[in-house]
Amino acid sequence: MGLPGLHFHDLRHTGNMLAAMSGAGLKDLMARMGHDNVRAAMIYQHAVRGADQVITNAIDQQLKQHDEGDDDGSVGVLAPVG
Numbered sequence: 002m003g004l005p006g007l008h009f010h011d012l013r014h015t016g017n018m019l020a021a022m023s024g025a026g027l028k029d030l031m032a033r034m035g036h037d038n039v040r041a042a043m044i045y046q047h048a049v050r051g052a053d054q055v056i057t058n059a060i061d062q063q064l065k066q067h068d069e070g071d072d073d074g075s076v077g078v079l080a081p082v083g
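Per the numbering used here, the very first residue in the sequence shown carries number 2; after that it's consecutive.
The hints are simulated quantities; they were obtained by calculation from the structure and are not laboratory data.
Be aware that one or more of the hints could be misleading.
What follows is a set of in silico ranges between Cβ atoms, one per label pair, in the way DEER data are often shown [said to hold, decoys possible]:
| hint | residue 1 | residue 2 | range |
| --- | --- | --- | --- |
| 1 | G6 | I44 | 19 to 27 Å |
| 2 | T57 | L4 | 33 to 41 Å |
| 3 | D37 | K65 | 18 to 26 Å |
It should be emphasised that the depicted structure is a prediction, and the values quoted were computed from it without experimental measurement.
Glycine residues also receive a C-beta, built at the ideal position from the N, C-alpha and C atoms.
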């Protein structure tokens, strides 16, 4: 590639990190990498643990929207659905 310290295989790692950061699941990462071993895909998922915060924020937002729509006085009460 002509760039000192950069190897073509580094692009593969970059692509896998970007895929993990976009929220790709374990099986999606494994398919993308062509691996049948979970270990390699887990490396990329551990590197992007910030996804946990994104998930938490999305859940919080859903709960807030649900609470704002309640007119029966049950705001803040968790109950089973279905």
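Each hint, compared with the structure:
A beta carbon spacing of about 21 Å between G6 and I44 agrees with the range 19 to 27 Å that was offered as a hint. Judged by the Cβ atoms, the range 33 to 41 Å given for T57 and L4 holds: they are separated by roughly 39 Å. Checking the proposed 18 to 26 Å range against D37 and K65 shows it is violated: the Cβ atoms sit about 41 Å from each other.
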